[in-house]
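Residue numbers (the working numbering), protein chains in the order written: chain S, 1 to 281; chain G, 282 to 960; chain L, 961 to 1159.
Source of the hints: derived by calculation from the structure; they are not laboratory data. Please read all numbers here as calculations on a predicted model, not as lab measurements. Any given hint might turn out to be false.
Said to hold, decoys possible - With a cut-off of at most 35 Å between alpha-carbon atoms, the simulated DSBU-like pairs for lysine-lysine come out as follows: (1) L:Lys1016 <-> G:Lys869; (2) G:Lys446 <-> S:Lys264; (3) S:Lys104 <-> S:Lys240.
To be verified - Residues on chain S that point at chain G, a partial pick, calculated with CB under 8 Å: (4) Asp15; (5) Tyr55; (6) Thr58; (7) Asn61; (8) Asn67; (9) Leu89; (10) Met157; (11) Gly174; (12) Gln195; (13) Phe201; (14) Thr211; (15) Asn215; (16) Val247.
To be verified - Covered by chain G, according to a simulated footprint, are these stretches of chain S (three or more residues, beta-carbon under 8 Å): (17) 16-30; (18) 39-47; (19) 109-119; (20) 230-236.
Each residue gets a CB set at the ideal place from its N, CA and C atoms; glycine is no exception.
If you want the building blocks of each chain, they are given just below.
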Amino acid sequence: MVLLCSGCGALTSPDLAPSGPVTLAERQLLFDAISIMMIVIIPVFIMAVLFTWRYRGTNRNARYTPNLAYHWPVEILVWGVPAAIIIWLGFHLWGNTHRLDPYKAIDPGVEPLQIEAVAQDWKWLFIYPEQNIAVVNELVFPTGRPLAIRITSDTVMNSFVIPALGGQIYAMAGMQTRLHLLADKPGRFMGRNVQYSGRGFADQQFNAIATTKENFDAWVAKVKASPDTLDAQTYEQLAKPSAKVPVTYYSGVEPNLFSTIIAKWRHGDPAPTTAAAKPAE
Amino acid sequence: MDIFGRLTLDSLPFYSAIAASGAAATVLGALSVMAVITYFGAWRLVLFDWVSSIDHKKIGIMYIMLALVMLMRGFIDAAMMRSQQAIAYNNDGYLPPGHFDQIFSSHGTIMIFFMAMPFLSGLINLITPQQIGSRDVAFPFMNSVSLWLTTAGAGLVLISLVIGKFSTAGWTGYPPYSGAEYNPGVGVDYWLWAVLISGVGSTMSGINFLVTIIKCRAPGMYLFRMPLFTWTVFVTSVLMIFAFPALTVACCMLALDRTLGMHFFTNAMGGNMMNYINLFWLWGHPEVYILVLPAFGVFSEVVAAFSQKRLFGYISLVLATMAIGLLSFTVWLHHFFTMGSSADVNSFFGIMTTIIAVPTGVKVFDWLLTMYRGRIIFKPSMLYTIGFLVTFVIGGLSGVLLAMPPVDYLMHNTTFLIAHFHNMIIPGVLFGYLAGYMFWFPKAFGFKLNEKWGAWSFWCWIIGFYLAFMPLYVLGLMGMPRRMEHYDIAAWQPHLIIAAIGAFIILLGIVCLIVQLAVSIRDRKQALDLTGDPWNGRSLEWATSSPPAPYNFAVLPQVESVDAFWNMKERGVAYERPDHYVEIVLPKNTFIGAFIGGAVFVFGFAMVWYIWWLVILCLAAIVLALIVRASDDQSNITMPASTVQAIEDERFAQLAKAPRNEMGDEPGFVGEPVPEVST
Amino acid sequence: MTSATMTDAPSISSEKYEEKAFGFWIYLMSDAIIFALLFATYVVMLGNTAGGPTGKELFSLERAAGETTLLLLSSTTFGFASVALAASERSRVLLWLVVTLALGAGFLFLEYREFSGMIAQGAGPDRSGFLSSFFTLVGTHGLHVSIGTLCILVMIGQVLVKGLTTPVVSRLARLGLFWHFLDIVWVAIFSVVYLPGLL
Chain S
1 MVLLCSGCGA LTSPDLAPSG PVTLAERQLL FDAISIMMIV IIPVFIMAVL
51 FTWRYRGTNR NARYTPNLAY HWPVEILVWG VPAAIIIWLG FHLWGNTHRL
101 DPYKAIDPGV EPLQIEAVAQ DWKWLFIYPE QNIAVVNELV FPTGRPLAIR
151 ITSDTVMNSF VIPALGGQIY AMAGMQTRLH LLADKPGRFM GRNVQYSGRG
201 FADQQFNAIA TTKENFDAWV AKVKASPDTL DAQTYEQLAK PSAKVPVTYY
251 SGVEPNLFST IIAKWRHGDP APTTAAAKPA E
Chain G
282 MDIFGRLTLD SLPFYSAIAA SGAAATVLGA LSVMAVITYF GAWRLVLFDW
332 VSSIDHKKIG IMYIMLALVM LMRGFIDAAM MRSQQAIAYN NDGYLPPGHF
382 DQIFSSHGTI MIFFMAMPFL SGLINLITPQ QIGSRDVAFP FMNSVSLWLT
432 TAGAGLVLIS LVIGKFSTAG WTGYPPYSGA EYNPGVGVDY WLWAVLISGV
482 GSTMSGINFL VTIIKCRAPG MYLFRMPLFT WTVFVTSVLM IFAFPALTVA
532 CCMLALDRTL GMHFFTNAMG GNMMNYINLF WLWGHPEVYI LVLPAFGVFS
582 EVVAAFSQKR LFGYISLVLA TMAIGLLSFT VWLHHFFTMG SSADVNSFFG
632 IMTTIIAVPT GVKVFDWLLT MYRGRIIFKP SMLYTIGFLV TFVIGGLSGV
682 LLAMPPVDYL MHNTTFLIAH FHNMIIPGVL FGYLAGYMFW FPKAFGFKLN
732 EKWGAWSFWC WIIGFYLAFM PLYVLGLMGM PRRMEHYDIA AWQPHLIIAA
782 IGAFIILLGI VCLIVQLAVS IRDRKQALDL TGDPWNGRSL EWATSSPPAP
832 YNFAVLPQVE SVDAFWNMKE RGVAYERPDH YVEIVLPKNT FIGAFIGGAV
882 FVFGFAMVWY IWWLVILCLA AIVLALIVRA SDDQSNITMP ASTVQAIEDE
932 RFAQLAKAPR NEMGDEPGFV GEPVPEVST
Chain L
961 MTSATMTDAP SISSEKYEEK AFGFWIYLMS DAIIFALLFA TYVVMLGNTA
1011 GGPTGKELFS LERAAGETTL LLLSSTTFGF ASVALAASER SRVLLWLVVT
1061 LALGAGFLFL EYREFSGMIA QGAGPDRSGF LSSFFTLVGT HGLHVSIGTL
1111 CILVMIGQVL VKGLTTPVVS RLARLGLFWH FLDIVWVAIF SVVYLPGLL
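Here chain S stands alone, though its shape is the one from the complex (with noise of 0.2 Å):
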């Protein structure tokens, strides 16, 4: 009973009313997994409660056979049973992960938005490299275009997520991670650093809008409008700790910023790469 009012909240919640197609095949994922599963949680309940309730030991007229130790058709469907359903799952899990890979591009036929995401002490600097504009605690997009983000922090480690969208990729400094997502509807969503990271860590979230290509466009003018530059100075100013940071909005960006940012913290040392990390197409 807990758990069905506690439902009635969680459906509109942005993991289970997702507003893009990675958000959408994850849940899939989490709603076929259960639904397999449950061939071997159901049988539990029943036999948990059938045996509690006919072997208690008042009640004489169930059989007793006290020295039952073994029996091998049983052994077989105990080990067989989860074992298959364990092998069907290894397939779903290994294709939804290639498929639903954070590093994996989207539409590969369509040309992403590029986006830099900089983690910082505690809130997050987007930047949009090809309109050399920056913006704090706001990322709007428009519907349908998928997004190419690269992430890295200029502090601890972060942790990006915009639930509504897709799954999150930890921020490290020194270190790029990338993160594909696309909005297939309009709307606001929350997004937000998931890995405690001190004192404001409970504020750092961002509102990230998809909207319109017009929107869009007209959002960057607005953008450009800022009589606010984020030169290296301001950047400076800006990676301060200071937590609830109002949007902010950059109308240049100094050149360069994200990969400097990155560079900072490497002193000419290779950047680890991770395996098959492969830029996307």
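Given chain S's structure and the hints, the job is docking chains G and L onto it.
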């Protein structure tokens, strides 16, 4: 050189009322324990019979006492978190800033390192030597050192409430947040030294238990005649020996980063935080199996005893235990699917993780099948077992879900994860240990625990568990991250309020446990275990008296089958009286283990506060103590045959007065086999 | 049980000594894992020099060879001590233990010089991730050798005071295991750290 290192008066917790009350409670707690001992004039007893004891049974009891105290301390953290989150919608809650972060860190650290590890070490210490027909563990002195090292670690966590602050980096301590650049204060250092110190103790315990099981079994106790609890202890000790070194390495490197400015995990200068995460979880995953396997062992014992039936599928259960042990080293990456590994790597570890579900499922079915066609007696331990069977599988389900990387990408670091692992640890680990505690309490102390309060503790725990954690699954699906001090999504609050109510009901469960103990002590004369076999048991620990003699067995038993004691009862040789006794060699009590523990505690404290002269002094003291011990060739005493005879005669006299079978009044008790009484 | 009814045990059974030796092997296995993880970390961090010096610039083949010679020789001399132990020749045991001690101390001295030299030229463990992992791997081995050297000193004392009693023999056997184990680890260090670093 500053004589106090970086310790100043500012380190005292007067900056907030809550911190000050926590400190006061800790200090008052310690003082009242000392006051009670003084009131009962029990210092001689405490020091010379307990602190200096290296008897595995006493060490086991002390471990469990530590675990129960730390359970309450860790629970207070949980209660504070639940109440904070229940009210902190669009406001900062009642906890001062940063306090919530210390609490979630100490909660996990305490529950894993200072509640669960001591609890399992205690049960293993108390029971395993008896189950294999041995007189003690292989290395009694090292056993004592392990106990006092664990206590030293717990002491560091407790004293962090009084002097300084605790870590805010979680129980996992990920760098670079836990590094010196982002957290230069003492908090992470307290955490590091507490974990390192108790980790060394656990490694030593693993070695001790492994050698004990391999080398100290009674004649006839072949490996495949050992009780399931012993098997799980065997695999657990292998895990302890192979996994804890990884934790030691990870934490030492972090300590070197923090204290000597090295660059293992720093952002700059060639550090790589991903190495910490790999090393930590290389330990961390086997650790959760270290926690749960002994609990599985307890369930095996309890379900057979209280279904009055042989354990179903012995070989399967043994093989499943071994499989779990082996597989536990192949899954660690599932703790960081989101760190950017390739799909191939993530898939491999995901598949290995789901594979571990198979042997675990086999165990659940085998336990259920033990109940099948048995005659179930609903002692509190059995209630905990049935509650476990039903509830644990939900956690298993959520685990299989999380094992799939795309699902994990959404659920990682949310309360779904919190709900999953509490769904494994509370019904799995804690219910198992509580069942074991109630099952073996009479063996340790000679009287039974009150069953009414035991049953009520179970109902409070299980109802409280569901109320406290099912909403967290839902919240995770709603996107709520873990470790949130406050939030601004209204839809989350009702679930958090329900969770807080659940925590309150768990508090009632803890109260029931305390009352159970108090009432049982008060009523002990009415609940004496006179035979040593209160539950018509199947394994050898039930052959000894309750409490056992220091040597456990006057004559080492000759084992002829699995369920060794049951087999002896069937053959009519359970209480055979030997015609003569021989002298028995026992280890002498020594204070050196406790001394080393104390010196290590001060060492840890000095490392935290950079009091270098004290560090050197403590290290010298520890080295000296070890050299003294290593030069001691008179560390045993002989108990003459006459003393053994006197103890055994008393035992047989008591057996003669005792009822044939202590479960005789139990409705549903089948009453077989009827043990003979030796004259 | 009062002490009046208990007497000091004259000796422990030989099973107990076998258990101690077995337990010590198990401990060595856990130590091997610590070293394995330190090696893995070293290899992973080889390139993390942060613009600072590399192994090629810092390591000296002569010194590494010297350290290797001293340590391997010390294992041999400990072996001679073990042979003398089996023959119960107390004075030869003492002789070879003292020689081993000297060789071990010599190794430690060379290592101390190596480390202090590197630190003096700004290549200490705080210079880069690579150097942190180098100092920790080689330093952990050095720490173990230091402890072993201290143990040899203690055992020399025990042999002098107690003679070759069963407990003393058992302890020497375990110390031998420890000493030879450290030798094996050094061979791995030489092969993984110094040789590839220099070649």
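Pair hint G:Lys446 and S:Lys264, alpha-carbon separation not exceeding 35 Å = Given pair G:Lys446, S:Lys264 holds - Cα atoms ~32 Å apart, limit 35 Å.
Should the hint that S:Asn67 touches chain G count as held when the rule is a Cβ pair under 8 Å?
-> holds (5 Å)
Hint validity - S:Asp15 Cβ closer than 8 Å to any chain G Cβ = With Cβ-Cβ at 5 Å, under 8 Å, it holds.
Hey, does the S:Tyr55 contact hint survive, CB to chain G under 8 Å?
-> holds (5 Å)
Claimed coverage, the region 39-47 of chain S by chain G - three or more beta carbons nearer than 8 Å | Held - the region 39-47 of chain S has 5 residues with a Cβ nearer than 8 Å to chain G, which meets the minimum of three.
Taking 35 Å as the top limit, are the C-alpha atoms of L:Lys1016 and G:Lys869 close enough?
-> Given that 35 Å is the threshold and the Cα spacing comes to 55 Å, the pair is violated.
Hold the hint about S:Asn61 up to the distance rule: shortest CB distance to chain G must be less than 8 Å.
-> Not OK, violated: S:Asn61 not within 8 Å of chain G, min 11 Å.
Mind checking the CB of S:Thr211 against every CB in chain G and telling me if the closest is under 8 Å?
-> For S:Thr211, the interface hint is violated, since the closest Cβ of chain G sits about 21 Å away, which is over 8 Å.
Whether chain G covers the region 230-236 of chain S (at least 3 residues having a Cβ closer than 8 Å to its Cβ atoms) | violated (count 0)
Restraint satisfaction for S:Gln195 [CB to CB of chain G, less than 8 Å] = holds (6 Å)
Hey, does the S:Asn215 contact hint survive, CB to chain G under 8 Å?
-> violated (25 Å)
With chain G as the partner, please determine if S:Thr58 meets the hint condition of a C-beta pair closer than 8 Å.
-> holds (5 Å)
This entry does not satisfy hints 1, 7, 14, 15, 16, 19 and 20, going by the numbered hints stated previously.
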